[in-house]
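Participant: The chain contents come next:
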Amino acid sequence: MRRADPRIRDLAGRLIALEATGSQSPSMTIPAAFAACEKLRRPLATLLGNVGFGALLSRALALATSEVKWLGVVHVDAGGVLEGLAGPQATISPAESARGGVVLLAQLLGLLATFLGGDLTLRLVREVWPKLDVDSAVFVKGSAK
Amino acid sequence: MKNKTRAAQSLLARVAPKVEIAKLPTGVRGLDDILGGGIPEFSFNIIAGAPGTGKTTMAHQIMFANATAKAPALYFTALGEPALKMLRYQQQFTFFDAAKVSKAVRFVNLSALVLEGDLDAVLAEITEQVTAINPSIVVVDSFRSVMRNMAITGEMAMQSFIQRLTQFLTSWHATTFLIGEYGEEETRGNPLFTVVDGLFWLSQKVERNSVVRKLQILKARGVASVPGLHTVRIGEGGVQAFSRTLGFGRSADKPTRRRRLSMGIPELDKMMGGGVLEGDSLLIAGPSGTGKSALATQFIAAGLRNGEPGIMAIFEERPQGYTARADSFGLNLKTPQAKGKLEIVYLRPLDLSVDETMQEILDAVERVGAKRLVIDSLVSLEMALAPGFREDFRESLYRMIVALTGAGVTILSTVEVEDSFTGFSFSHYTISFLTDDIIRLRYVEIDGQLRKVMVVIKMRGGNHSKDIREYVITDKGVVVIRPRSTEYDGLTTGIPTRTGPRPPQGDEAAPEPKARK
Chain A
1 MRRADPRIRD
11 LAGRLIALEA
21 TGSQSPSMTI
31 PAAFAACEKL
41 RRPLATLLGN
51 VGFGALLSRA
61 LALATSEVKW
71 LGVVHVDAGG
81 VLEGLAGPQA
91 TISPAESARG
101 GVVLLAQLLG
111 LLATFLGGDL
121 TLRLVREVWP
131 KLDVDSAVFV
141 KGSAK
Chain B
146 MKNKTRAAQS
156 LLARVAPKVE
166 IAKLPTGVRG
176 LDDILGGGIP
186 EFSFNIIAGA
196 PGTGKTTMAH
206 QIMFANATAK
216 APALYFTALG
226 EPALKMLRYQ
236 QQFTFFDAAK
246 VSKAVRFVNL
256 SALVLEGDLD
266 AVLAEITEQV
276 TAINPSIVVV
286 DSFRSVMRNM
296 AITGEMAMQS
306 FIQRLTQFLT
316 SWHATTFLIG
326 EYGEEETRGN
336 PLFTVVDGLF
346 WLSQKVERNS
356 VVRKLQILKA
366 RGVASVPGLH
376 TVRIGEGGVQ
386 AFSRTLGFGR
396 SADKPTRRRR
406 LSMGIPELDK
416 MMGGGVLEGD
426 SLLIAGPSGT
436 GKSALATQFI
446 AAGLRNGEPG
456 IMAIFEERPQ
466 GYTARADSFG
476 LNLKTPQAKG
486 KLEIVYLRPL
496 DLSVDETMQE
506 ILDAVERVGA
516 KRLVIDSLVS
526 LEMALAPGFR
536 EDFRESLYRM
546 IVALTGAGVT
556 ILSTVEVEDS
566 FTGFSFSHYT
576 ISFLTDDIIR
586 LRYVEIDGQL
596 RKVMVVIKMR
606 GGNHSKDIRE
616 YVITDKGVVV
626 IRPRSTEYDG
636 LTTGIPTRTG
646 PRPPQGDEAA
656 PEPKARK
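Same order as they appear, the protein sequences are chains A and B.
Per our numbering: the first sequence = residues 1 to 145.
Per our numbering: the second sequence = residues 146 to 662.
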């Protein structure tokens, strides 16, 4: 099982929090995680095509599911969009739900860093979330303090 | 009536001067020279060739060299190398500037539309993106995969698509590159190849265990490109091209009044009528162990003492060996090296191309402002070349020598020849025509010793001594020791016949330091 780097998890958590801003309910963390993936989908589908982005997201989902079991009911459609959220939201705890969202987004960011490199991934994140202050070392291997 | 026509033409010439075609830099070292300055702006080009020849890399170099946030580049990918992998690999090259990605350089994936086979939809997407982004450079990679639709859509539909695409992109002030894995047979009767302004053909050929990459500009409207096959190398900086005429652009007339330069061996200078003429190409030919490299070292050191920077291009012995030999002769090469007055260029990779070697040497000559150049030796240079390049060896050597001597650089090349004891060859190569001056070193058997003699065979720029002189290699280097001998006939055969009296022979210590070891 490939666990996402703790710094990338931390970044994923911050991105989800940013997406959830305005929402009062903790259960909004899952839609916020999905919204973050959707925000990444737009530039990445232009670059990779919907099929290419869908393949990457499916891999991220597979890696995340090995860590957070309830994500097994979620799937990626042909357009590269996450589906199957409605069922688990009612049965899982808010904490578990939040963890699932963070792990999934962290795995997706980790895959991008693996394939595109830290520099391009960082630029992409900064472009999508220009207001977020992102540490430039977050995607640098072995630079964790 | 005639006068009126002339006046109208003159007015037209003043009002509407002929269109000036701006040229874009390619970012590919050597390619601008081949293209006569660069790629014509707003041209429609194909970069074609077999897989692995560097098409995508070349397109990326052109794109990164020209793209800015105000005049971005748009890279459409279509069923070729997946964009994820393409970016992964391309960023390994030094020209890749991550800061340009997404602002100055944008990637758009057309794969889904191409798979659907709807050319109108493909054109509509390209049109929409180009209209929105207003790029100065457009790349479609791979256009070959778009063309595969021809079987479904028919030739006329494809021709119409190509026409509309060309007209749209040209009108939109974009310089376009279509990338494709085409075979040469596909160029015949293909409407695409008729329409395009530029056709860059990349190829690679396997010869024995070596791969030789070549570039040919099959078509280039609006520029005077250099015809023929040019060597290409893909390195950390991306694609680099070496023009067939590499070096010729820098050639200039030799100065009319040329100085005589010291060889660093006073007696040899006398034999040469005062030294080698500045800007000459001098060949030192001799068998192994006769001191060719020693002589070359003394030649370079003499130049350095006289304030003339130098380059030693060596292909066999390592640089440390050269500096150590110089030390043993009391010649300090390390200080001039440290001061940037001397570079020892050691070239011994596998599959070396002669054009690359030339480029390395020309670059080094330019860096240090070299006045003297040593190539030690031509035999090992040829051996270091990939087999496919050996055929071009003489032609390339000729180009380099003409270019450098034309610029006033004095070249000393060494060549190893086998001593036959019946003949007196200068070289295995027919290269003497490349040289202005030739000095031949050889072994002769005299009085029970294998001694060394030298003779100046040819000096194009003037008279020279005809004497055959004995020399030794001492801790001062090559030293000419005796006046010409009149006691022997047949010295050039290596087995002379004594014609004079035999002087008494003492027990002579071996004169050479390495013989004492």
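Certain hints may be false.
So, partial list: chain A residues that the calculated Cβ filter (under 8 Å) puts toward chain B [stated by the list, open to error]:
id	residue
1	Arg42
2	Thr46
3	Leu47
4	Leu48
5	Gly49
6	Val51
7	Gly52
8	Ala137
9	Val138
Cβ pair distances, simulated, as ranges [to be verified]:
id	chain 1	residue 1	chain 2	residue 2	range
10	A	Pro43	B	Gly334	23 to 29 Å
11	B	Gly382	A	Pro43	43 to 49 Å
12	B	Ala266	A	Leu132	47 to 53 Å
13	B	Gly328	A	Leu132	57 to 63 Å
14	A	Leu132	B	Arg463	40 to 46 Å
15	B	Ala214	A	Arg3	49 to 55 Å
16	B	Lys248	A	Thr91	26 to 32 Å
17	B	Gly452	A	Arg126	52 to 58 Å
18	A	Arg42	B	Ala302	57 to 63 Å
These are computed hints drawn from the structure, not numbers from a lab.
Just so it is clear, CB atoms sit at the ideal spot from N, CA and C, and this is done for glycine as well.
Participant: Are the hints correct? Go through all of them and say.
Facilitator: So, going through the hints one by one against the coordinates:
1. Given hint, arginine 42 of chain A at the interface with chain B, is violated; its Cβ is 12 Å from that chain's nearest Cβ, farther than 8 Å.
2. Contact between threonine 46 of chain A and chain B, as hinted, is supported at the beta carbon level, the nearest pair being about 6 Å apart and thus within 8 Å.
3. Look at leucine 47 of chain A: its Cβ gets to within about 5 Å of chain B, closer than 8 Å, so that hint holds up.
4. For leucine 48 of chain A, the interface hint holds, since its Cβ comes within 8 Å of a Cβ in chain B; the closest pair sits about 5 Å apart.
5. A cut of 8 Å between beta carbons decides the hint on glycine 49 of chain A: the least distance to chain B is about 4 Å, and the hint holds.
6. For valine 51 of chain A, the shortest C-beta to C-beta distance to chain B is roughly 7 Å, which falls under 8 Å, so the interface hint holds.
7. With its C-beta approaching chain B no nearer than about 6 Å, glycine 52 of chain A sits inside the 8 Å limit, and its interface hint holds.
8. Checking alanine 137 of chain A against chain B by beta carbon gives a least distance of about 15 Å; that is not within 8 Å, so the hint is violated.
9. Of the supplied interface hints, the one on valine 138 of chain A is violated, with its beta-carbon coming no nearer than about 15 Å to a beta-carbon of chain B, more than 8 Å.
10. The hint said 23 to 29 Å for the Cβ distance between proline 43 of chain A and glycine 334 of chain B, and at roughly 41 Å that hint is violated.
11. Between glycine 382 of chain B and proline 43 of chain A, the C-beta spacing of about 29 Å breaks the proposed range 43 to 49 Å.
12. Between alanine 266 of chain B and leucine 132 of chain A, the C-beta spacing of about 36 Å breaks the proposed range 47 to 53 Å.
13. Between glycine 328 of chain B and leucine 132 of chain A the CB atoms are about 50 Å apart, so this pair departs from the stated range of 57 to 63 Å.
14. For leucine 132 of chain A and arginine 463 of chain B, the hinted distance range of 40 to 46 Å is not satisfied, since their beta carbons lie about 54 Å from each other.
15. Judged by the Cβ atoms, the range 49 to 55 Å given for alanine 214 of chain B and arginine 3 of chain A is violated: they are separated by roughly 38 Å.
16. The beta-carbon spacing between lysine 248 of chain B and threonine 91 of chain A, approximately 44 Å, falls outside the hinted interval of 26 to 32 Å.
17. The hinted window of 52 to 58 Å between glycine 452 of chain B and arginine 126 of chain A holds, with their beta carbons roughly 55 Å apart.
18. The supplied range of 57 to 63 Å is broken by arginine 42 of chain A and alanine 302 of chain B, whose beta-carbon atoms lie about 32 Å from each other.
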